[in-house]
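Novice: Here are the chains, one letter per residue:
Protein chains: 2
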Amino acid sequence: MKELQERIRAEGQNLGDGILKIDSLLNHQVDTRLIMRCGEEIARRFRDENVTRILTAEVSGIAPAFATAYALGVPLVYARKVKPVTMYGPVYLETAPSHTKGMEVNLLVSAEFLPANERILIIDDFLASGRTLKGLIRIVRSARSTVVGVACIVEKTFENGRQVLEPFGVRIESLVVITNMEDGRIVFADE
Amino acid sequence: MKELQERIRAEGQNLGDGILKIDSLLNHQVDTRLIMRCGEEIARRFRDENVTRILTAEVSGIAPAFATAYALGVPLVYARKVKPVTMYGPVYLETAPSHTKGMEVNLLVSAEFLPANERILIIDDFLASGRTLKGLIRIVRSARSTVVGVACIVEKTFENGRQVLEPFGVRIESLVVITNMEDGRIVFADE
Chain A
0 MKELQERIRA EGQNLGDGIL KIDSLLNHQV DTRLIMRCGE EIARRFRDEN VTRILTAEVS
60 GIAPAFATAY ALGVPLVYAR KVKPVTMYGP VYLETAPSHT KGMEVNLLVS AEFLPANERI
120 LIIDDFLASG RTLKGLIRIV RSARSTVVGV ACIVEKTFEN GRQVLEPFGV RIESLVVITN
180 MEDGRIVFAD E
Chain B
0 MKELQERIRA EGQNLGDGIL KIDSLLNHQV DTRLIMRCGE EIARRFRDEN VTRILTAEVS
60 GIAPAFATAY ALGVPLVYAR KVKPVTMYGP VYLETAPSHT KGMEVNLLVS AEFLPANERI
120 LIIDDFLASG RTLKGLIRIV RSARSTVVGV ACIVEKTFEN GRQVLEPFGV RIESLVVITN
180 MEDGRIVFAD E
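For the record, the sequence lines run as chains A and B. Under numbering that gives the first Met the number 0, the residue at position 124 of the first sequence is numbered 123, and the numbers go up by one with no gaps. Under numbering that gives the first Met the number 0, the residue at position 187 of the second sequence is numbered 186, and the numbers go up by one with no gaps.
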């Protein structure tokens, strides 16, 4: 997605260790018009898949997942990391390491919002190590629903998330692909 | 907002201790079409205020704040509760007690996304004790910007948030007002 790539080129910061800061667009400040167009683009790519529900993980997945769910007209469910008092009854639970927080986090989804036999599109901001997305895929399969695909805003190929997800055999779409962040650079796949 | 009130009447659950569960609409599953209409209604009420930026707190404020920011065409900034590695440089920091998590949480906003002389509308899902909103107001004023108002999806008047915010002299708008949740009931202000 050309527009997004240009914005990342202009505003993204390479913080080292493969960490890309796009806090002006998505992860702290949100350009809602841009993110809505990202959601529309993801919706367009999965238009023929009869998606019935979007699943993401709080916090940074919520904005692009909201935009995609709105474009497709389906409910959004976001995995919680800390159980709120309003969550009771059976939950699906996986754990995943957080790249930007340096600890293991929970992914919690109430069974009541993840029925069986749904066609679920999983969204996240980044495809990096793939481990959050792997946790979400496992949750959907535990619920006996189908993962129709995984979509992310930015894929960093050098962190091998695509390989981590390969055994699950799900379609993966990324709006922008970054292949190299060594030596302070941000190299896009089409360069 | 009649539509929202009817949905809360149908789907909301009174969990006792003043806790209203609306996880099917907003706090775990999100009805993005409904929340977008909520954002449009908030935008309508503040249309003449020259809002330049929306501020909310993660996690549950993000969806209605996204919708409002999109309707107004202004950036959204959400206060983080845990500092991610991408956050560096000066931050505004307040603390607030979390009603549904039973602990004190941080509210962190990077100074780079909260410049001076902005006209900021603060959004949250609930106006309950008012203490998260109070923290956000203090952050905006620390940044020498103006709070043009506070808007929330649901106000619970019996938790006195409006009185807590009164000293700040800011306009407060709520889409649905609940006056009583004793004895398992959910009583709306217009009843």
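Just to be clear, a hint being listed does not mean it is correct.
Same chains, same label: a pair holds when it works inside one copy or across any pair of copies.
No farther apart than 25 Å at their CA atoms in a straight line, the calculated lysine-lysine pairs in the DSS-like style are these [claimed, not checked]:
1. Lys20 <-> Lys133
2. Lys20 <-> Lys82
3. Lys82 <-> Lys1
4. Lys1 <-> Lys80
5. Lys1 <-> Lys133
6. Lys20 <-> Lys1
7. Lys20 <-> Lys80
Just so you know, these hints were derived from the structure itself, not from any lab. Since the model is a prediction, treat every value here as computed from it, not as a measurement.
Novice: Against each hint, give a clear statement of whether it holds in the structure.
Specialist: Results of checking the hints against the structure:
1. Lys20 <-> Lys133: Classified as within; 23 Å inside a copy, 29 Å across copies.
2. Lys20 <-> Lys82: For lysine 20 and lysine 82, the Cα distance is within 25 Å only across copies (13 Å; inside one copy 28 Å).
3. Lys82 <-> Lys1: Answer is neither; intra-copy 38 Å and inter-copy 30 Å both fail.
4. Lys1 <-> Lys80: So lysine 1 and lysine 80 fail the 25 Å test inside a copy (32 Å) and across (32 Å) alike.
5. Lys1 <-> Lys133: neither (27 Å within a copy, 40 Å between copies)
6. Lys20 <-> Lys1: within (18 Å within a copy, 41 Å between copies)
7. Lys20 <-> Lys80: both (22 Å within a copy, 17 Å between copies)
The earlier numbered hints that this structure contradicts are 3, 4 and 5.
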